[in-house]
Amino acid sequence: MSMLSEIDVQIMWNRLLSVVEEQGQTLVRTAFSTSAREAGDISAGVFDLQGRMVAQAVTGTPGHVNTMAASVGHFLEVFPVAEMKEGDVYITNDPWKGTGHLYDLVVVSPTFMDGRIVALFACTSHLVDMGGVGQTPEGRQIYHEGLFIPLLRLASAGVMNEDLLAMIRSNVREPVQVVGDIYALMACNEIGSRRLVAMMREFGLTGIEALSEEIISRSRRAMSDAIGKLPKGTWSASMRIDGYEAPIDLVAAVTIGEDTIHVDFTGSSGMSSYAINCPLCYTEAYTTFGVNCVVAPHVPNNAGTLDAVKVTAPPGRIVSATHPAAVYARSVIGHMLPDVVYGCLDQALPGHVPAEGTSNLWTLNLIAGHGLTGIGQAAGAAFMVNSFHSGGAGARPTQDGLSATPFPSGVRNVPVEATEAITPLVIWRKELRRDSGGAGQYRGGLGQVMEIGSRENAPFGIFARFERVRYPARGRKGGGPGAPGRLSLASGTVLKAKGLSVVPPGDRLVVEMPGGGGMGPPASRDRDAVQRDVRLGYLSPEAAERDYGNSGGG
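In terms of my numbering, the sequence shown has 356 at position 356, counting the first letter as 1, and numbering is strictly consecutive.
Please note that the accuracy of each hint is not assured.
35 Å max Cα-Cα, derived DSBU-like pairs, lysine-lysine [stated by the list, open to error]:
(1) Lys232 with Lys310
(2) Lys310 with Lys430
(3) Lys232 with Lys477
(4) Lys229 with Lys496
(5) Lys430 with Lys477
(6) Lys430 with Lys496
(7) Lys229 with Lys430
(8) Lys496 with Lys477
Quick list of simulated restraints, FRET-style, between CB atoms [unchecked claim]:
(9) Gln531 with His370: 52 to 58 Å
(10) Asp8 with Ala246: 31 to 37 Å
(11) His262 with Gln531: 44 to 50 Å
(12) Pro541 with Pro505: 37 to 43 Å
(13) Met167 with Gly376: 26 to 32 Å
No lab work stands behind these hints: they were computed from the structure. No experiment lies behind these values; they were computed from the predicted model shown. Don't be surprised by glycine CBs; every beta carbon is placed ideally from N, CA and C.
The whole structure should be built from the sequences, with the hints applied where relevant.
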């Protein structure tokens, strides 16, 4: 390009990455909720005036990043660039135009330099509460699930929409945390704007359109080159998961074309009457991420990269839920989609994809309060907290699976101290779950076991939305399945995997998270690896004998 040299582009690209990473870290540092400040369940990015994502922060989840990338276009349809003013801020949690459910807020802010709008910044964060029935898949319609915020002005020319904030405060159980996170989202975009303007002044830029076009077009060409080297054709795969009222079948067909990959989910189960339905925007987010991890992990994620993967599904499927379906637990479906896509890609690119993993987060949404865990004071001190945790990931083509590691979401496990500090809860045990990884030449990642009680002589509850309880993660190439998950009381009662369960006073909650599937025949596992697993407590002697003949292969 004539305006910018090659070295200009490279330097400014790296500077842009530092801008959006500081943007994201500002949100992490200033957020009130543990989901943002401890787990990094956020996204942040910079967009050009066409609404195209140019760069994203490394900190963040695919479900937030890739839905955010699409949501800015919806904002521009309601708030055209020509009408934006300095100090304006926009907000929504519309599941079909945002991130797929009401518990994530998307905030968009224009950036001005010398009185001219030059860019847009967007960010998202998961909230601890949005009212309604709470963080449970038991809702039957979107109207049950909390406060629905359409695309609105959060601030106009620097003046906050106090009416909207008052409405939010009055509809959530944790108003300080929720409104605190809203201000953190605004601060995040503000820091991004300041750093971008400083960068533009340093490099003598009056706009970012030329730089944006170069970055996006380069990314699209890199995707085209990567796809062009792949075998051409269509491959299909399916996966059955627990579901709610009935098992769910996720069916995908992946078609690799000359420069585009098309993933079609025709054949997947229809919508559920409960809140495990997934809007298409969230399906697109995780499907695209799964494809890009295999096809071109080296290419930056932006509008050019995302353009190379097309995702379709007939309206009204579990992966393409329509209004007014309940969608709170859409991650139950969305997090499984890379595994389904990998079932297709394993046929086209053998030896390049992992075995199935837990995939679905085993997030502990813990709660106490009137009407949920008891009546009046008998319910104990009221609280609501998110504590992100995960089972094991699937074995990789040439390595064991990662234990207690969330893939594909990428959120961090929340330290137990963070939960204990803001609630009366005590985490008595948190350890890797022995024998949970699927057997194979390469073992599946281990799940974990957590045991939770209360310092009060009072009940507490869990809003569960867990998968891999009836249908565990499958192995690949002869590998065995991971162990299924289990939710129970220490006293022995097995609890349901989805919905609200109450832990009686004096009892404890026991969470046994699933393991990932194994890769390759167990008889081929190195005997030293088996013995090491036994020595470290990952594998019991009994399981070693059963799965590997005690010593494993050669």
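Structure-based check of each hint:
1. Taking the CA atoms of Lys232 and Lys310, the gap is about 16 Å. The hint holds against a cut of 35 Å.
2. Between Lys310 and Lys430 the alpha-carbon distance is near 41 Å, which puts this suggested pair outside the 35 Å criterion.
3. For the suggested pair Lys232 and Lys477, the alpha carbons sit about 22 Å apart, so the restraint of at most 35 Å is met.
4. Taking the CA atoms of Lys229 and Lys496, the gap is near 46 Å; set against the 35 Å cutoff, the hint is violated.
5. Straight-line distance between C-alpha atoms of Lys430 and Lys477 comes to about 32 Å, which keeps the hinted pair within the 35 Å bound.
6. Using a Cα cut-off of 35 Å, the hinted pair Lys430 and Lys496 holds, with the two alpha carbons roughly 21 Å apart.
7. Under the criterion of a C-alpha separation no larger than 35 Å, the hint pairing Lys229 with Lys430 is inconsistent with the structure, at around 45 Å.
8. Among the hinted pairs, Lys496 with Lys477 is consistent with the structure: their alpha-carbon atoms are about 32 Å apart, no more than 35 Å.
9. Range check, Gln531 to His370: about 54 Å between beta-carbon atoms, so the 52 to 58 Å window is met.
10. For the hinted restraint 31 to 37 Å between Asp8 and Ala246, the CB-CB distance of approximately 57 Å leaves it violated.
11. For His262 paired with Gln531, a C-beta distance near 46 Å keeps the hint of 44 to 50 Å intact.
12. For Pro541 paired with Pro505, a C-beta distance near 38 Å keeps the hint of 37 to 43 Å intact.
13. Distance hint for Met167 and Gly376: a CB-CB separation of about 27 Å, consistent with the stated range 26 to 32 Å.
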